[in-house]
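For chain A, the structure is supplied; the task is to place chain B on it using the hints.
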Amino acid sequence: MEQIRKRGLVRGVRPALAMAPFAIYTFIGLGIPTLAVISLAFRSEQGKLTLANLHTVAQGTYRIGFENSIILATITSIVPGILGVFLAYAIATSHSGMLRRLVAAASGVLANFGGINLTFMFIASLGSTGVLTVWLAAIHANPWHYGFNLYSFYGVAFVYMYFQIPLMVLVITPALGGLRPSWREAAENLGASSFKYWRTVGIPVLLPSVLGGMLLLFGSGFAAYATADTLTAGTVTLAPIQIGAVLNGNVIAGEENIGYAIGFGMLVVLSITMILYGLVRKRASRWLR
Amino acid sequence: MRRASTIHWLVALAITSLGLVSIAAPASSASVRPKASCNWATATSAVSCGGMSALVSAAETEGHLNVITLPSNWANYGTIIKDFEKKYHIAINSENPEGSSQDELNAIAADAGRSDDPDVLDVGQSFGIEAAQKGELAPYKVATWAEIPAAQKDPNGDWYGDYGGYVAIGCDTATVTVCPTSFKQMLDTGQGYKIGINNNPTEASAAFSAVFAAALANGGSFNNIKPGIDYFAQLNKEGNFVATTAGPATVQSGATNIVIWWDYLQASEINALPGYASKWKVVIPTDASYAAYYDQAINKGAPNPAAARLWEEYLYSTTGQNLWLEGEARPIELPYLVAHNLANAKALAALPTAPAGTTTFPTQAQITAAQTVVAADWPTEVTSGP
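Chains A and B, in that order, are what the protein sequence lines are.
Counting with numbering that gives the first Met the number 0, you get residues 0 to 288 for the letters of the first sequence.
Counting with numbering that gives the first Met the number 0, you get residues 0 to 385 for the letters of the second sequence.
Incorrect hints may have been included.
[Said to hold, decoys possible] Result set (EDC-like, lysine to aspartate or glutamate): computed pairs, CA atoms no more than 20 Å apart in a straight line: (1) K225(B) to E237(B); (2) K133(B) to D153(B); (3) K133(B) to E254(A); (4) K81(B) to E325(B); (5) K47(A) to E129(B); (6) K85(B) to E59(B); (7) K81(B) to E59(B); (8) K278(B) to D171(B); (9) K133(B) to E44(A).
[To be verified] Now the stretches of chain A that chain B is said to cover, found in silico as 3 or more residues with beta-carbon under 8 Å: (10) 64-70; (11) 117-124; (12) 225-231; (13) 240-246.
Keep in mind the hints are simulated off the structure, nothing from the lab.
All of these numbers come straight from a predicted model, not from anything done at the bench.
Think of the CB as a built atom: it goes at the ideal place given N, C-alpha and C, for glycine as much as any other residue.
With the rest of the complex left out, here is chain A (with noise of 0.2 Å):
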């Protein structure tokens, strides 16, 4: 018995152990920053508690970056996700392992390339004189002709679907594993027709996955920085570059801890997405497994 018991005692002590580098290492790196982002929001320069600057962010310039990163990130995550879920679909019923291995590599790649290469990417390919955009004049369809401006709003969204699409196809292809050929063919025996297996059977399992995956691009698109600033010269306010602009700029000095309330505001809104997708993951993993 008591044999037993020690054995279990280490049992549990050496994954323990095993898990403590990433465990001080996560900790090190996002926990004790989220806790200094968290304690310098509610002070002063002078290092005194206060509310103030939480109450500056909260309106004017500030406000107007939390409302355009937030619509920024919803619109990228919903238009993405969809688009997402078709090639991911399409790649996973596909007959050629190759093609689905040859997305899988890309789409882990493209998931993470941003930042100034991909803005300089897309000003060569489709800015005012891109080659693209060249190509595309040659044929009467330049886009620019038809109100697209590459350094504007929409210009920042539609770059993002550059990283975004690919990262849902990495999340969204497990769970389309997951949905079993036998269930398509017990519903086809039981007469039901394709459009009735997907709104009673394919739709309901894949729907947690396919919100909790738009949350992860939510997450992504939200706090995504260096693209957008760099394609854009701040014409477009978002809550990153705000916080670009105070904490680590050459213009604006001595308001740091503006910085951290725009922090602060952000880790708020981004715990809510993590508590839902913490909720719609639960759901998933339901027929999952």
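Showing chain B alone in chain A's frame:
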């Protein structure tokens, strides 16, 4: 890059600020100083501590100098660093060359007490003032102190203007038929103008200065930057403004054929591109002359206090000033150099002609007020929201 998104660099910044709290140890006196000589860490001039030869030997004994945020293609710093190392046999440790002024202040706070704490700073003026107010700088007056204009230095010697330039209009003569020479002319439509500024004016001082210059050209003043914001809003509405971060890449790709930027950066970053030496024409706008200078300062906790002071003496010597000039930046003592025939004539001729008369500068209070206006109004006026 994108993954190094908000959270990640918030993290980095938060660690930096934590460093402030956790590293409470006082600056160690790692450097060995000759017993008899005075303490260079508190010397406010070379003369007060035994003169230049004493400074040189103390600095050479230290043997190291830590500099920060000095890109090698910026104002000729690559050559300056090499020349200083060769001349004095002092090894320069160059940290975070592409960083910002705020990065410099963060570094002296976070690295305090370490042997790699930056010795000297090169910052935008508001950051020099901020550091001085926090008591983080060691006052020091170089031998040529009197030649630095009073408006461009702290009377105490905490910070002092080093090099700078004018807001200038650069234009690609190969693709633009009529190159604009004024802010007013840039409003002309139908000329195919694709005008850019280098980054976000709430973040980058070059872009902020472009807005200030535009204000001066449009009825504004050092007390009123609003007309500058209105100007860019109009430019944007007309379609002449390309709201992206303009620079060598956007010029080469043709996304911008006109850039409003510091004259010295146009020279070192765009004229230096293959084929752009002659076709990229840089002029100071006829309707606005706005100049700004960066500042030098010595970190109070500098681990190499003598080398730090020698670096300043070197930068403000005729050699140092001319090296900046060769990087097409305007050294602060240029009028003195020109008056005494000490300036490198070829480098001087390569600069766009400066406007006649004495250059005036906004005070720090005027700049701070203008920054507040830009931070509040730029994102809402010159905007493309959803």
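Q) Are there three or more residues in the segment 225-231 of chain A whose C-beta lies closer than 8 Å to some C-beta of chain B? A) holds (count 6)
Q. Is the Cα-Cα distance between K225(B) and E237(B) 20 Å or less?
A. Judged against 20 Å, a Cα distance of about 18 Å means the pair holds.
Q.
So if I understand the rule, the pair passes when the alpha-carbon distance is 20 Å or less; does K278(B) with D171(B) pass?
A. The hint holds at about 6 Å.
Q: Given the hint that K47(A) pairs with E129(B), test it: the Cα-Cα distance must not exceed 20 Å.
A: holds, 19 Å
Q.
K133(B) and E44(A) were given as a pair; does the straight-line alpha-carbon distance stay at or below 20 Å?
A. Satisfied, since the Cα-Cα distance of roughly 11 Å is no more than 20 Å.
Q) the segment 117-124 of chain A covered by chain B? Criterion: 3 or more residues, Cβ-Cβ distance below 8 Å. A) Answer holds; 5 residues pass the 8 Å Cβ test.
Q | Hint consistency between K81(B) and E59(B) [alpha-carbon to alpha-carbon, up to 20 Å] | A | holds, 15 Å
**Q.** Agreement of K81(B) and E325(B) with the hint, judged by alpha carbon distance not exceeding 20 Å
**A.** holds, 15 Å
Q) Taking 20 Å as the top limit, are the C-alpha atoms of K133(B) and D153(B) close enough? A) Cα-Cα ~14 Å, so holds.
Q: Given the hint that K85(B) pairs with E59(B), test it: the Cα-Cα distance must not exceed 20 Å.
A: holds, 11 Å
Q.
K133(B) and E254(A) were given as a pair; does the straight-line alpha-carbon distance stay at or below 20 Å?
A. holds, 14 Å
(Q) Can you confirm whether chain B covers the segment 240-246 of chain A, using C-beta to C-beta distances below 8 Å and requiring at least three such residues? (A) holds (count 6)
Every hint from the earlier list agrees with this structure, and none is contradicted.
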